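Asker: Read off the chains here:
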Amino acid sequence: MLYIFCPHCGSRSQNEFAYGGDATVKRPELNKEISDQEWDNFVYLRKSPRGKHLELWHHISGCRQWIKVERDTSTHEIFKTYKADELTE
Amino acid sequence: MSQNFRLDNIGMVDRNKKISFTFNGKKYFGYEGDTIASALIANGVHLVGRSFKYHRPRGFFGVGVDEPYAILQLERNNERDPNIRATEQEIFEGLEVKSVNCWPSVNFDIGAINNFLKIFFPAGFYYKTFMWPPSFWYKIYEPFIRMAAGFGEASIKHDKERYEHKYEYCDLLITGSGPSGLASAYAAAKNGARVILAEDKPRYGGSLLTSDVNIGNQTGVEWSEKIITELKSMSNVIVKNRSQVFGYYDHNMLVMSERIGDHLPKTQKYLPKQRLWYIRAKEVLISSGSIERPLVFGNNDTPGVMLSSAAKEYMKVYGVLVGKKPLIFTNNDSGYETAIEFKKNGVNPLILDTRKEPSSDIINEAKNLGIETKFSYVVVAAKGYKKVKSADIAKISENKKDLSNIENIECDCICVSGFWTPSIHLASQSGNKSEFNEKIDAFIPKKSKQRENTIGSANGKFTLEETINEAFDKGYEVSNKITENNNKVSIPTVVEKKSTEHDKFWCVPLPKGKSYKRFLDFQNDVAVTDIELALREGFRSIEHVKRYTTLGMATDQGKTSNLNGLQLVSDIENKVVPQVGHTTFRPPYTPVSIGAIVGREVGKHSKPTRKSPMHEWHEKNNAVFVDAGVWLRPRYYKQENETLFEASKREAKNVRKNVGVCDVTTLGKIDVKGPDAAEFLNRVYTNAWLKLPVGKARYGVMLREDGIVMDDGTTTRISENHYHMTTTTAQAANVLSHLEYYLQLVWPELNVNVVSTTEQWAGAAIAGPNSRALLMKLFPNTDVSNEALPFMGYKEADLFGIPAKIYRISFSGELAYEVNVESDYGNFMWEKIIEVGKEFQIQPYGTEALSTLRIEMGHVAGSELDGRTIPHDASLEGLVSKKKDFIGKRSLSRSAFTKPDREKIVGVVPLDKTTSIPEGSYIVKDPKAKLPNPKLGHVSASCWSVEYDNPFSLAIIKDGKNMIGQKLFAMSPLKNKTIPVEIVSSHYVDPEGKRVRA
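Same order as they appear, the protein sequences are chains D and R.
Each residue of the first sequence is one higher than the one before, counting from 1 in our numbering.
Each residue of the second sequence is one higher than the one before, counting from 1001 in our numbering.
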């Protein structure tokens, strides 16, 4: 079970969190004309990298904040965690 | 019965406490502190089971977790506990155990015929034998395998014992209390670290319990007792015996099972039987020791053949002789220590040493004691079926290939020592890739992936001096990293006998013309010939060889077999062991009971139960409850002998005719507040929200980004910047997460806060033509007329002194209101409604009547919004704004969602007006069409329409809009029903919606 550092609460066990997928996906702006392809990329297509991955976790049984976690998908090593509005390196 | 094999002046069992137990129905006795194994051996019993495949007789091979054979079934109070290791289970008064994998008895086992049919059970026999014909699999092969395979039988009864979970954090977890565990724990604890020291056995000390050494002028046993006593007295140390750390998981999470009541006749009050510890450790020191490696020779699985270290431990810890005419077969000095112990206890052993002319302190001591030793000698085969009676021994040539001077000598046990294998299981589980150490012919951990270090003999350090020095240093080093203290304790001097190098020889060749089975894996009956066959058949990867032959599988996890198996594969392949590599060690290291894994989360406690504040009233009024997620909701209120069908019909009818009241507390409620709340709702919902006035409610539908409906509900503008959102019961938590996602990550510029208020409000839906009249009496000071409180209106009011909120919204399709009060007043509100409502013939109604009412009105719910439907499919397209953008809008223009024959919701009525249509039925054009019958859609919800007194269903079918009026069929292959039906509008009752506005 992972041990995730929540920037708001401190280190907590994985079972307090819900996984939220790739944190680098950006939602297209509202009211903007975009192609089917662009929209499909946003809704459906995700990379599944081996290695470093910046991802979202929701501290659902804690502060209820969404946070960003930089994790190695093959070793589970967590390099750094960020608040939702923090700039990532 | 006298114990012929018990020694008088040695051992740690309590001779003053005699304990009786039964094994296979026969009564035996032992002493407190005995295991089943030591007590049976003391009584001269060596036959305890039958092997997995060939049903060969099985005795004891080890003395602890290493035991591959002696797996028994414990029975007490009609409960069964399978997978009990006889070498670990301590005896208690009244203990009943029996053998497994044998029928009718362990002495006469019919399955033993497999031993003579062994040519039919080669490696991979499952894959070869049970292949064809395929039709045999289900009825013949599978039941046969189920009967033949496995050890023991699980109980199907409810386990009345209590199991607990515990979470613990520490600076340093140390797994094993041998010399390295004790020394490192002591060094770290003295340096201020919070330490947990876990020992699998009841006694602390590990190898110190049986070795003849001296630490700091004390014997090994004295020293370990002193250290443990001091550790126990320290507030920063937790010391646990009977506790196995069996799994090493991510981020230094380790799991340990503590056997608290397993050795007691009855679990003590206030104590669980077992406790599972989840331990998050900053650092881990693995001091799990090593297990003696077997030597491989003919019939080396015969009862009476056992590890030499086990024989020594039976003498020194339990005061038990495993035999009176022992043969020691060794390739290193460890066998001599066992021989010396036999000699000291008045038994004359014979040592066969595979080495030519070894010399060391220990060998000299044996010589001086007059122990007979034959060098360059091996055991060719054990003789005897249910117990060793003699052995064929032979001189082995220098190249270890040829045998000569074969002779038979009498013996009653063969103690083998093929050197030592470090227990690297935990390190391997942590992700540590091990490396092969040529000096000890075994793998040791290499580079840590997590914060762990392996020390002592688990790390290939086989002298006490090395072990103690390394452990004191490591204990200080890791504790210093954490505490930054510098309290170093002095390392005691160690006196031990020096030993010399071991012989790499491990597998005795077969004499000419003999085909003895030579076993590698004793638990899974894998012999040398099985590995040879697997390799001949082309298996190369050690992982494939493992699965094909079952080498190193099951509860044993290759504890004794692993290295010999690898050695053999390397020999045949002309490789060296590191080229072959080893298989993955998996948790658990030893079997863990299901009870411990489940813990307290059994039955009612498997999930929380949520109850509304009116729950007790419902109970008192004969409500029959239904699970709605984790909520308990009244399904119907039973009167006399009513069935569910009768009761729900009565309740629904009463709503249509008079007035009913339904507990709607479970609905999700979310407060949405902030200057940008309107803009936020406008983006979340498909319809327009910017112009909703204060004091008005609106129905809204929200989508996921893929265009699928996520949830629906009403949201009311309480004040300028404050909205009260409701969600369905099931989606409440998801909707909150969804809103938080968009506010925190997508549109952080919006100044809005959301918070769940589900538990803050108790809700009652008052529905039916009499509801306004009732409301007027409930709220005499509030104008609830149609003009003052129109459909979708909202008012704050006073309910007999209690502040209440009235929302004029309707799920039933009748004139209806939802009244909310703070949860604590919920029951008060409910009782007032019932009391005042009497004159209007009020009745409470449950979820079943609620469903009936909404289905015949064509209102959608979870069965229609099932994660596959877009607004159009549920006839909600009128709520989809064309002017503004919102979550998921772009998806709605995808081709699949816009095709002309897209599915749509319709009503379905059986032509005979009496046959109910099962939910989930298919709607088809031609019931006799060739299978698979092309289906138009499915029936999502069914009820008995109380308005028309006939069955009515909702269905979502292809081109639903143009299907109305058509005669089709509802087919339920599951219930074997085909019902001719007519497709009608989904708005079956009051299609214009006059009632809700009345």
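Honestly, the hints are just simulated from the structure, not real lab data.
None of these values were measured; they are calculated from a predicted model.
Keep in mind that the hints are not guaranteed to be accurate.
Only pairs whose alpha carbons sit at most 30 Å apart, straight line, appear in this in silico DSS-like list of lysine-lysine [to be verified]:
| no. | chain 1 | residue 1 | chain 2 | residue 2 |
| --- | --- | --- | --- | --- |
| 1 | R | 1447 | R | 1488 |
| 2 | R | 1691 | D | 32 |
| 3 | D | 47 | R | 1488 |
| 4 | R | 1696 | R | 1882 |
| 5 | R | 1446 | D | 52 |
Over the 12 Å line for every Cβ pair with chain R, so calculated as not near, a few chain D residues [to be verified]:
| no. | residue |
| --- | --- |
| 6 | 9 |
| 7 | 33 |
| 8 | 47 |
| 9 | 48 |
| 10 | 50 |
| 11 | 80 |
We put the CB at the ideal spot given by N, CA and C, even for glycine.
Asker: Run every hint past the structure and note whether it holds.
Answerer: Each hint, compared with the structure:
This hinted pair checks out: residue 1447 of chain R and residue 1488 of chain R have alpha carbons roughly 26 Å apart, not beyond 30 Å. Between the alpha carbons of residue 1691 of chain R and residue 32 of chain D the distance comes to roughly 23 Å, so the proposed pair stays at or under 30 Å and holds. Under the criterion of a C-alpha separation no larger than 30 Å, the hint pairing residue 47 of chain D with residue 1488 of chain R is inconsistent with the structure, at around 51 Å. With a C-alpha separation of about 23 Å, the suggested pair residue 1696 of chain R and residue 1882 of chain R falls inside the 30 Å cut-off, and the hint holds.
For the hint linking residue 1446 of chain R to residue 52 of chain D, the alpha-carbon distance of about 24 Å falls within 30 Å, and the restraint holds. Every CB of chain R is more than 12 Å from the CB of residue 9 of chain D (nearest about 15 Å), matching its label as outside the interface. With a least beta-carbon separation of about 10 Å from chain R, residue 33 of chain D fails to lie farther than 12 Å from that chain, contradicting its non-interface assignment. No beta-carbon of chain R is positioned within 12 Å of the beta-carbon of residue 47 of chain D; the least distance is around 18 Å.
Remark: the non-interface label on residue 48 of chain D is consistent with the geometry, its nearest Cβ contact in chain R lying 19 Å away (cut-off 12 Å). Interface exclusion of residue 50 of chain D from chain R stands, the closest Cβ pair being 15 Å apart, more than 12 Å. With a cut of 12 Å on Cβ distances, residue 80 of chain D stays outside the contact zone with chain R, its closest approach being about 15 Å.
Hint compliance for this structure: hints 3, 7 are not met, and every other hint is.
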